[in-house]
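Listed here are the chains, written in short residue letters.
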Amino acid sequence: MRTVTVFALLAAALVVSAAAGILVGAVAIAPGDVLAALFGAEGTNGTIIRELRLPRVLGAALVGAALAAAGALLQGMLRNPLADPFVTGTSAGASLGAVLAVALGLEPALVPLAAFGGAIGAIALVWRLARLGGRTTILTVLLAGVVLTSFAGALVTFILVSSDRLSLRLRAVLGWLQGGISVISWNELAVVAVVVAIGIIGAVLLAPRIDAYAFGEETAAALGIDLDRTTALVLATTALLTGAAVAIAGLIGFVGLVIPHALRFLLGATHRRLIVASIPAGAIALVLADLGARTALAPAELPVGVITGLVGAPFFLALLVRSRRVIV
Amino acid sequence: MSSVVARAIRAGYQDREVLRGVDLVARAGELVALVGPNGAGKSTLLRVLGGLLRPASGSVTIDGVDIATLDRRAIARHIAVVPQVFETLFPFTVREIVALGRTSRLGPLGTLGSDDARAVARALDDIGATELAERRIDRVSGGERQRAVLAMALAQEAGVLLLDEPTAHLDPMHQRATLDRVATLARVRGLAVVAVLHDLNLAAAFASRVVLLANGAVVRDGAVGDVITPELIGRVFGTGLRVVAHDGRPFVIPEPASVEERHARAG
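Protein sequence lines, in the order shown, are assigned to chains A and B.
At position 224 of the first sequence the residue is numbered 224 (the working numbering), and the sequence of numbers has no breaks.
For any residue, its number in the working numbering is found by taking its place in the second sequence, counting from 1, and adding 1000.
Pulled out of the complex, with its shape left as it was, chain B reads as follows (with noise of 0.2 Å):
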C-alpha cells in the first residue's frame, strides 16, 4: 500500500518551463486521471512522478520517501511506468518482456530467482496473457502488446502504477477492457494509479479522481462531476465540445463547427 505525493513541481526542458507548481496526491487504491489539453504539462508531471525528469525544484515523495534520494533501481521497486509500446525489432517473448519487470531485482551477477519467476507468472495470469506467454512480442496484436507491457509494469510489484496514454492505440472495446483491468487492480491489490488519458469519457468511466490541467498548472482536482463540467471543458478546451449528462455521468461530445467559426477560421 503505497501513496505518491507531488508537492509544488516546477519542471521543464532547457529553457521551456512546462509545469509551473503544481501539486497531486495519488493513494492507493485510487485511479487518478491526467487530463488536459496537448502541451498541458500531463506527460511532463508523469516522468517527474517517475523520477525519470529531476523537477527544477518541488519534491515526489512515496510514503513520505522524496523520491531524490533514492536511486533508479530503489525508485523502480516503489513505482513502475507502463511505456507506450514502441515496436522492438528483437523476438522476445511475452514473458521476457513480462520479466524484465524484474530488472530491479536482479541479482549481482544478473540473475533472478524463483520469486521472479513467480511474480512473471502472477503478472501474466492477472492481467489474462499467460497464453500468450511463449509467443514473440513483435507477432501479438496491438491490444496483445499492450497487455504484455501492463504485465511488465505488474511484475515490478511497485504500489505506484503510472500510464502514460495506455489507450493511445487501441480500438474502443480494448480501451475498454485496458481501463477496467486497470481500475480493479488499482481497487484489489490497493495500488496508487495515475493514468494520463486524452479521452474525457473514458476517464469519466473509470477514474476515481480527475486531475485538469492546463498550462502547466491544475485547473481543478476533484470528482469526475466537479471536473468535467461545461464551464471547466469550455475554459479549457475551448468550444466545440458540449457536456451532458447522462446516467448520472458526464459525457463530452465534439460538435462540428458553426458556420460562422467556419468563417471565422478562412478569413
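Chain A on its own, in the form it takes in the complex (with noise of 0.2 Å):
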C-alpha cells in the first residue's frame, strides 16, 4: 500500500515537474502559448519550447534518473549509502572521454560513447585500486575515486587548454562541466535516451542480484552469485548510465547519493523498488534543479552542478558523520 503510495506520489510529481520545466524560464510565455508552441505553433515560441525547454526538461530528466539509478546499483554492491558516480570517479572518467571526443573533433552523436568509455576505464580503474588490500570497501573506493576525479580533471584542463578547437569555447565548456544541461539536439537526445534506457533495463534486471550483497561479497557468492560476472554487469551498466548522463550534463554530483537514500526511507532496501522508484525520482530532482539553475539568476545561468552541490556536499558529510562506525 505505502510503496503504491509513494509510486502515485512520484508519477504526480514527475508530470508537474515537467510541466514547470516547460512552462517557466527566462522568457514569459504565457501557458496557451506554450501548449500551442508543444503542438507546432511557429514563431519565436514555437523555437523557445520546442528546440529549447523542452529537449531540456528532457534531457534533465533522463540525466537524474540515470544518475540515480546508477547511484542505487553502486550503493547496493558496495552495500554504503556513500556511493555514487560523482564520488567513485565514474563521472569524471566520463567527461575525460567526452572533452577528448570533442577535442579530436569526433561527431556529437559519438560524445556519449566515448563518455562511456571513460567511465568504464576509470571505474574500472577504481575497482582494482580499491581491490588491492584483498575486498572491495568503500573507503578504498572513495579514496581511489579522490584521485581519479582529480587526475582526470587533470587531463581535462590540459585538454581544454591545449585544444584550439575547445580553448574558443571554454566559457560554453567550462559551464558544462560544472554540471549544465546542454542539450544540442534531438539527435543528441535520442542516442543519450537509447543508452540510459539500455541502463535502466539493465540495472533493474541486476537489481535482485544486488539484494545478496546484503552482508557483502563473500556471503553473496555463497548465495549463488557469481562475483566477477556480477561485478563487471554493475560497473558496465554504470558506466552507460554515467556516461550518457555526463555527455550532455557534465558532472553533476551527489543526485545519484542523495535519491536512493531518501527513498529507502520510504520503500525499503530491496533494490528492484529502490532502483524504478529511482528514476522517476532522479529525474524531478534534476528537472526542479534545472528549473532553479536557469531562473534564480535569470537572465543569466547557473550551472545545475552549483545547485545538487550546493544540497548534495553538506548531505554527504552528515552521512559520512552518521555511518562513520560502519564506513570500513
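One thing to keep in mind: the hints can contain errors.
What the hints assert, rightly or not - Have a look at the derived ranges for each label pair, beta carbon to beta carbon:
| no. | chain 1 | residue 1 | chain 2 | residue 2 | range |
| --- | --- | --- | --- | --- | --- |
| 1 | A | Glu107 | B | Ala1117 | 44 to 54 Å |
| 2 | A | Asp226 | B | Met1001 | 22 to 32 Å |
| 3 | B | Ala1121 | A | Asp226 | 23 to 33 Å |
| 4 | A | Asp226 | B | Ser1114 | 24 to 34 Å |
| 5 | A | Thr3 | B | Gly1143 | 27 to 37 Å |
| 6 | B | Ala1056 | A | Arg128 | 21 to 31 Å |
| 7 | B | Ala1121 | A | Ala296 | 50 to 60 Å |
| 8 | A | Ala12 | B | Arg1189 | 43 to 53 Å |
| 9 | B | Ala1121 | A | Ile201 | 23 to 33 Å |
These are computed hints drawn from the structure, not numbers from a lab.
These figures come from a predicted structure and were not determined experimentally.
Glycine included, every Cβ here is placed at the ideal spot set by N, Cα and C.
The two chains are supplied separately, each in an independent frame; assemble them into the complex guided by the hints.
Below is the structure:
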C-alpha cells in the first residue's frame, strides 16, 4: 500500500515538475502559448519551447534518472549509502572521455559513447585499486575515486587549454563541466535516451542479485552470485548510465547519492523497488534543480551542478558522520 | 539427503599454506564440530567446503559430484553457508533477508515464484522467526539477527549447511538455543552440518562428531569423548586447560596460570 502511494506521488510529481520546467523560463511565455507551441505553432515561442525548453527538460529528466539508478546500483553492491557515480570518479572519467572526443573533432552523436568509454575505464580502475587490499570497501573506493577525479580533472584542463577547438569555446565547455544541461540537438537526445534506457533495463534486471550483497561479497557468493560476472555487469551498467548523463550534463554530483538514500526510508532496501523508484525521483530532482539553475539569476544561468553540489555536499557529510562506525 | 566429502585438501592464501592435506566427511544427519586453536585453518577449511576458496589440490564432492565442476549457482543449491553476521546499513526486513536464500533459484528476470515464498515461510517457521518477518534487520537484537541469517541459509534448501562460529556474539542462552536448533535440523531434516566452534564445551554438548584441527592438519576425528581428552587438548592447546568428565561428557575448564608460569612469562 505504502509502495503504491509512493509511486503514485512520484508519478504526479514528475508530471508537475516537467510541466513547470516547460512553462517557466528566462522568457515569460503564457501557458496557452506554450501549449500551442508544443503542438507545432511557428515563431519565436515555438522555437523556445520545442528547441530549447522541451529538450532541456527531457535531458534533465534522463540525466537525473540515469544518475539516481547508477547510484542505487553502486550503493547496493558496496552496501553503503556513500557511493554514487560522482564520488567514485566515474563521472570524472566520463568527462575526460567526452572532452577528448570533442577535442579530436568526433561526431557529436559519438560523445556519449566516448563518455561511456571514459566512465568504464575510470570505474574499472577504481575497483582495481580498491581491491588491492583483498576486499572492496567503501573507504578504498572513495579514496581511489578522489585520486582519479583529480587526475582526470587535470587531464581535462590540459586538453581544454591545449586544444584550439576547445579553447575557443572555453566558457561553454567550462559551464558544461560544472554540470550544465546542454542539449545540442534532438539527435543527441535520442542517442542518450537509448543508452539510458538500456542502462535502466540492465539495472532493473541486476537488482535482485544486488540484494544478495547485503552481508558482503563472500555471502553473496555463498548465496549463488557469480561475483566476477556480476561486478562486471554492474560496473558496465553504471558506466553506461554515467556516460550518457555526463555527455549532456557534465559533472553533476550527489543526485545519485541523495535520491536512493532518501527513497530507502520510504520504500525499504530491496533494490528492484528502489531502482524503479529512483528513475522518476532522479528525474524530478534534476528537472527542478535545472529549473532553479535557469531562473535563480535569470537571465544569467547557473550550472545545475552548483545547485546539486550546494544541496548534496552537506548531505554527504551528514551521512559520513552518521555511518562512520561502519565505513570500512 | 546429502553428504560432503573433502579429500586431501591443501589450500591457503598467496604464499601462505594453511591446510596441509585435510580429509573431512559430513554425512546426512550429522553435526560435525570443527575445533582447534586460532590459526589452525578451521575457517579456511569451511571456505573450501563451501566452494568459496579453491583448494591448491584435493577435492570436495557433494554426493559424488566434484564442486569444482559446478558454477556458483549450482553450488549454492547444494551448500548453504551461514555467515558471521555483519551489520547492514540498509533497512531490509527479516523476510527480505530470508528470501536472499532463494538467490540461486531466481528466474531469468530475477523474480521469485510461489515455491520460493513457501520456502521462505517454512524457513522462518523452522527457526521460530515468523513473528519477526516484517521487522527491520537493523533494528532486531543480535540473537534475532542470528536467527534471520540461519533462516536465510535454510531457505536455500541445500543438503549441506556450513556455519562459521555461529555463536560468536551470542550470550550463553542464545548459544545453546542456536546449536540446539541446528542439531535438531540436522537430525530431523537429514542435513549434513559442519560448524566451526571455538567453545569446546558447546562442541561436546551438541556435536555428533568432532574434528580437531591444528596447524592445517586433522589431529583427531571422532566421537566427542575420543577427541576432547586431557592428552589431546593439552597437546594442541597447551597447558592450562583441564578436561574433566561429568555426566559422561568431557568438560574443558580454564585454569588460572600458576605462579611459576607467570614468572616464566614475565621473565
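*Hint check for alanine 296 (chain A) and alanine 1121 (chain B) - Cβ pair distance inside 50 to 60 Å*: holds (53 Å)
*Kindly confirm whether 23 to 33 Å is satisfied by the beta carbon distance between alanine 1121 (chain B) and isoleucine 201 (chain A).*
holds (31 Å)
*How does the Cβ-Cβ distance of alanine 1121 (chain B) and aspartate 226 (chain A) compare with 23 to 33 Å: does it lie in that range?*
Since the Cβ atoms of alanine 1121 (chain B) and aspartate 226 (chain A) sit about 28 Å apart, the hinted range of 23 to 33 Å holds.
*Honestly, do aspartate 226 (chain A) and methionine 1001 (chain B) meet the 22 to 32 Å range at C-beta?*
holds (27 Å)
*When you take the CB atoms of alanine 12 (chain A) and arginine 1189 (chain B), is the distance between them in 43 to 53 Å?*
holds (50 Å)
*Are glutamate 107 (chain A) and alanine 1117 (chain B) spaced within 44 to 54 Å by their CB atoms?*
Because 50 Å falls inside the window, the suggested range holds.
_I want to verify a distance hint. Is the separation of the beta carbons of aspartate 226 (chain A) and serine 1114 (chain B) within 24 to 34 Å?_
holds (26 Å)
*Take a look at whether the Cβ-Cβ distance between alanine 1056 (chain B) and arginine 128 (chain A) falls inside 21 to 31 Å.*
holds (25 Å)
*Confirm or reject the claim that threonine 3 (chain A) and glycine 1143 (chain B) have a C-beta distance inside 27 to 37 Å.*
Since the Cβ atoms of threonine 3 (chain A) and glycine 1143 (chain B) sit about 30 Å apart, the hinted range of 27 to 37 Å holds.
Checked against the numbered hints above, the structure breaks none of them.
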